[in-house]
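Peer 1: Listed below, chain by chain, are the residues.
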Amino acid sequence: MTACMCVVQEGQISAESEAALRGDMTVFANQHFGYPPQFNWVVVAKGNGFTAAKPSNSVIISMRADRSLPLSEREPLLPELGDIWINRTGLTGNEVVTVITDPPA
Amino acid sequence: MPLYICNAKAGAVPEEAKAKIADDVTRIHCEVTDAPPTHVHVFHFADGPMPPLGDKSVMLYGQIRHGRTDAQKADTVAQMTASVIEHTGLSQDAIHVFTTDTPASWVMEGGDVLPEPGEEEEWLARQNAKMSQKA
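Taken in order, these protein sequences are the chains called R and B.
For the record, in the first sequence the residue sitting at position 66 is 66 according to our numbering, with numbers rising by one throughout.
Start counting at 1 in the second sequence, then tack on 105, and there's your number in our numbering.
Because the hints were derived from the structure by calculation, they are not lab data.
For each residue, glycine too, the CB sits at the ideal point set by N, CA and C.
You may find that some hints are simply not true.
Just some of the chain B residues that point at chain R, by a computed CB distance under 8 Å [claimed, not checked]:
no.	residue
1	E120
2	D128
3	H192
4	G215
Dumping the calculated SDA-like pairs for lysine to any residue here, alpha-carbon to alpha-carbon at most 25 Å [stated by the list, open to error]:
no.	chain 1	residue 1	chain 2	residue 2
5	B	K235	R	P79
6	B	K235	B	F203
7	B	K235	R	E75
8	R	K54	B	E121
9	R	K54	B	I133
10	R	K54	B	F203
11	R	K46	R	N57
12	B	K125	R	Q12
13	B	K125	B	K178
14	B	K125	R	D102
15	B	K125	R	G90
16	R	K46	B	K235
17	B	K114	R	G90
18	R	K54	B	G159
19	R	K54	B	M155
20	R	K54	B	D175
21	R	K54	B	D128
22	R	K54	B	D160
23	R	K54	B	D198
24	B	K114	R	A53
25	B	K235	R	G90
26	B	K178	R	D102
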């Protein structure tokens, strides 16, 4: 099972968008890692998120790979994961942080 | 990145202190590492699952880019601990601040994979050029 933590700001993502994002990320994880992700959807309450010391509109998406990835394999996956969010939410590339981690050693 | 998560017992961090702590965390991180503030994220949670509070009232956890020196990390932790004490009135015993390293190549922000230590200037120039094109 691939873990995927999505940290979003309160009121930022509608239920409909969340469902679509989960669907797209499940396809992504199945395709690249061979497993559906186990989501940990974390909402930052209003007034509690800051980026550059100002109210944040950023999302942090951190998905764990099923294996240790070389840079050549990880590098194209990061924008592919980010594009899922940009396309579904209208957020800009500056507002979407994507992380693909190796599994714990 | 960096991402700082401040998890606290409900009420331990007053509402009016949250922006002040975020200001301080951002300033301290940038002063110690020479990073730009643009990508410093500070998220507060009350009784959140991560990081576990244990016997502490406030846990401030920074996921920072790999490559910072031990001295930079120690300075960051000391200054951020002082900030939390100042803005919450808690004792040092009630607060724990720590960081973990994340490899730069694991993270994409602003459309680019984060730079390895020593490659920041070129990366920032690329980011600034993108911003200028959009303006």
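Peer 1: None of the hints should be skipped; say for each whether it holds.
Peer 2: Cross-check of the supplied hints:
1. E120: holds (7 Å)
2. D128: holds (5 Å)
3. H192: Hint on B:H192: violated, closest Cβ of chain R at ~14 Å, above 8 Å.
4. G215: holds (5 Å)
5. B:K235 with R:P79: Holds, at roughly 16 Å.
6. B:K235 with B:F203: violated (33 Å)
7. B:K235 with R:E75: Status holds; Cα separation ~19 Å.
8. R:K54 with B:E121: holds (14 Å)
9. R:K54 with B:I133: Distance ~15 Å between R:K54 and B:I133 Cα, so the pair holds.
10. R:K54 with B:F203: Holds. R:K54 to B:F203 sits at ~23 Å (cutoff 25 Å).
11. R:K46 with R:N57: Roughly 10 Å separates the two Cα atoms, so the pair holds.
12. B:K125 with R:Q12: Distance of about 23 Å is within 25 Å: holds.
13. B:K125 with B:K178: holds (21 Å)
14. B:K125 with R:D102: Cα-Cα ~34 Å, so violated.
15. B:K125 with R:G90: violated (30 Å)
16. R:K46 with B:K235: violated (29 Å)
17. B:K114 with R:G90: violated (34 Å)
18. R:K54 with B:G159: Answer violated: R:K54 to B:G159 is near 30 Å, above 25 Å.
19. R:K54 with B:M155: Judged against 25 Å, a Cα distance of about 22 Å means the pair holds.
20. R:K54 with B:D175: Given that 25 Å is the threshold and the Cα spacing comes to 28 Å, the pair is violated.
21. R:K54 with B:D128: holds (8 Å)
22. R:K54 with B:D160: Violated. R:K54 to B:D160 sits at ~30 Å, over the 25 Å cutoff.
23. R:K54 with B:D198: The hint is violated at about 29 Å.
24. B:K114 with R:A53: Holds, because 22 Å separates the two Cα atoms, which is no more than 25 Å.
25. B:K235 with R:G90: Holds. B:K235 to R:G90 sits at ~18 Å (cutoff 25 Å).
26. B:K178 with R:D102: holds (23 Å)
Comparing the model with each earlier hint shows violations of hints 3, 6, 14, 15, 16, 17, 18, 20, 22, 23; every other hint is respected.
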